[in-house]
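Undergrad: Protein chains in written order, with my numbering: chain A, 6 to 548; chain W, 66 to 193.
These are calculated hints, taken from the structure and not from any lab test.
Treat the hints with caution; some may be incorrect.
Claimed, not checked - Computed footprint of chain W on chain A, listed as stretches where at least three residues anywhere in the stretch have a Cβ under 8 Å from a Cβ of chain W: (1) 61-70; (2) 178-186.
Stated by the list, open to error - Simulated crosslink set (DSS-like; lysine-lysine; CA at most 25 Å straight-line): (3) K18(A) x K137(W); (4) K429(A) x K373(A); (5) K137(W) x K102(W); (6) K174(A) x K75(W); (7) K18(A) x K53(A); (8) K511(A) x K521(A); (9) K526(A) x K394(A); (10) K86(W) x K177(W); (11) K109(A) x K199(A); (12) K80(A) x K114(A); (13) K92(W) x K75(W); (14) K80(A) x K75(W); (15) K526(A) x K462(A); (16) K373(A) x K248(A); (17) K92(W) x K137(W); (18) K102(W) x K53(A); (19) K45(A) x K148(W); (20) K268(A) x K248(A); (21) K137(W) x K53(A); (22) K276(A) x K302(A); (23) K148(W) x K53(A); (24) K45(A) x K137(W); (25) K177(W) x K53(A).
We put the CB at the ideal spot given by N, CA and C, even for glycine.
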Amino acid sequence: MIERDFQRQLFDKELRVLEQALLDIAEGKYEGNEFLTDYKLIVANYEKLLTFTRRIFKISDIQARNLLQRENEIKNILNNAGQGFLTFGQDLIINREYSVECEKIFGFKISRLNILDLLRSADEEQNALFAEVFRTVLESTEQEILQQTISKLPKVIKREDQYLSIELKPIPPSYEDDNLLCMLILTDVTEKHKAQEQVAFLSFHDKLTSLHNRAYIENWLEDLQMEDTFPLSVIMADLNGLKLSNDVFGHIQGDELLIRLAKVLLQCTRKTDIVARWGGDEFLILLPSTDSEACEKVAERIIASCKQQEGLPTELSVSLGMATQKKFTKNISDLFGVAENRMYSDKLLKSKDVRNRLILSVERELHKRFFEDPGHVERVGYLAFNLAKAAELSPGSLDLDNLNLMTRLHDIGKVGIPKEILGKGTELTNQEWEIMQRHSEIGFRMAQSIDELVVAKAILALREHWDGSGYPRGLKGDQIPVLSRLVAIVDAYDVMTHSRPYRPAKSKEEAIQELKQGSGKQFDPSLIDLFISELTKPAKGAI
Amino acid sequence: MEKLLIESTKATPLIDFDSDKSTLVLKGQSYPENAFKFYDPVFNWIDSYLATNPQEIHVEVRLSYVNTSSSKCIMMLLESFEKAFQRGVSIQLNWYCDMENESEVECAEEFKEDMTFPFEIIPEAEKE
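With the hints as extra help, turn the sequences into a complete structure.
TA: This is the structure we're talking about:
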């Protein structure tokens, strides 16, 4: 509301002149003057003019304020709708007012630009379509033609790296003197579009390796196979040692093996071949128009390429099974079965070699991560072998291969324990000790994953005590495998007599003293006696 | 006497003056380029109509926007009604407003000032 005082101030000078004139007339100042009648008329009209003017000023101010408020309210709505609104008329020139989202989308001011120039892309067909649709919409008044024409426009257009959804709305004139306008509503749907593409990609691809997935193969089998794809060869590939790699090196490294194998498979095949992750550690390659000989060569290339791969925690190793269908058939699931069986046979043949390579990789990791000096495993192996010999353990009860493997892998589970706990100089907290104790079970699982069941059980029982006070299961006496009892003694002795970053080495005598104290409690008393006697034997060849 | 009917445009209001029914209707927005040119026939019609000494006049106004020049013209119209009222013509003016738009009511009140004939400001919804 505009204050009366304000109006009074605004016209103060004029009002004072008027008031003085009215006073003069009332007081008869110009009585008898020949111009008095005219003067009175002028004053009366001046009063009227002033009244009109004051009121019109006020009305004008109120309306201007109202218009600006409404403009702001409308702008707020349009500018915060997250959509670009713009209008243009017959001349195709974009009108001055548009929502700010337009500037965000295009990155510059768009008023007075030609709409066709603004939307122009490398797609000439699309450019021509815009021109035709806009012209028709601006010229036609028939609803049906309008709708048909508008429906020709694409729902989404690509502009540089953006995807824009577009909607065209004709705005009919509200008054006779108005022109038809077109409103274009633009929405940046780049993120949504990418997400949809991703969903479409993932429905037929494996996320990790970006290869095709099982669904794609099944789809191909149903819809895409044609007679000219035969002879069709199939290679079933299985990545060796993935489980162990995941357990020992972590899932990121395991994933790296899968990714690398996927790359190898792609490199060794043609663009027309289909390489898919069949599931877990299995891959499937479909080789259209490929006979068994050519398929064999692809397999050889894969094996050779795997051997050349570097920078992985373990050597890339794959078992392969091939099968070829010479003539067209709709049902080729048997072919997959044959390839799969052959792949398992290959896996069996390679198993020992694969296992040895995996064990070597695990040992390397163990030395890298664990705080033992590199000679620890060697010394434990030597001491264990001699103690076993002294104990005259029969080959039946203690396989030397297992003893060798046990000494190499007895600490394997520690790769699963955080370094901060393994290398902690001070006493472990209860919680840390609980985590530390898990290494027996981790080691057990790892040895199991390379099918070394005897060693796996020995690792699990390595921290059991003769008197039943050990972990994880509280076994006692003969319940503890002899392999565990034996390695527990030599391991403890070697650890005591060699320094660690957080404590100095003990002397041989001090270590023997500790072993004696642990006899019948932590350690097997008869093996302790034998071990100490071997240690203290003066003769050459003693431990 | 002939009716005066001027259809509304984007910038000018509907003028529907019917002497038979004694009703005068102004409805729309008023911001013509030349207000006087637009309102001149309206003034003439009113002058002629008032010269017929009508007994009563019913005026309905619904103006959402009136520019400065048009405001002057509307005031001149109101002044004519005021003079007729002073002469004894029964005048009833209903000025419809969007009551949620405070400024419309303010403007209506400003137009009403100094008028002594019945000038009622009515919320738009009540009209229907």
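Undergrad: With reference to the structure, classify each hint as holding or not holding.
TA: Against the structure, the hints come out as follows:
1. 61-70: holds (count 7)
2. 178-186: Answer holds; 5 residues pass the 8 Å Cβ test.
3. K18(A) x K137(W): Distance ~22 Å between K18(A) and K137(W) Cα, so the pair holds.
4. K429(A) x K373(A): Holds - the C-alpha atoms of K373(A) and K429(A) are around 17 Å apart, at most 25 Å.
5. K137(W) x K102(W): Holds - the C-alpha atoms of K102(W) and K137(W) are around 13 Å apart, at most 25 Å.
6. K174(A) x K75(W): holds, 21 Å
7. K18(A) x K53(A): holds, 16 Å
8. K511(A) x K521(A): Given pair K511(A), K521(A) holds - Cα atoms ~15 Å apart, limit 25 Å.
9. K526(A) x K394(A): The given pair, whose Cα atoms are some 23 Å apart, holds under the 25 Å limit.
10. K86(W) x K177(W): Roughly 24 Å separates the two Cα atoms, so the pair holds.
11. K109(A) x K199(A): holds, 19 Å
12. K80(A) x K114(A): holds, 16 Å
13. K92(W) x K75(W): holds, 12 Å
14. K80(A) x K75(W): Cα-Cα ~21 Å, so holds.
15. K526(A) x K462(A): holds, 21 Å
16. K373(A) x K248(A): Status holds; Cα separation ~20 Å.
17. K92(W) x K137(W): holds, 17 Å
18. K102(W) x K53(A): holds, 22 Å
19. K45(A) x K148(W): Distance ~20 Å between K45(A) and K148(W) Cα, so the pair holds.
20. K268(A) x K248(A): This hinted pair holds, its Cα atoms lying about 20 Å apart.
21. K137(W) x K53(A): Holds, at about 11 Å.
22. K276(A) x K302(A): Given pair K276(A), K302(A) holds - Cα atoms ~16 Å apart, limit 25 Å.
23. K148(W) x K53(A): Roughly 14 Å separates the two Cα atoms, so the pair holds.
24. K45(A) x K137(W): holds, 23 Å
25. K177(W) x K53(A): holds, 15 Å
Of the numbered hints stated above, none is contradicted by the structure.
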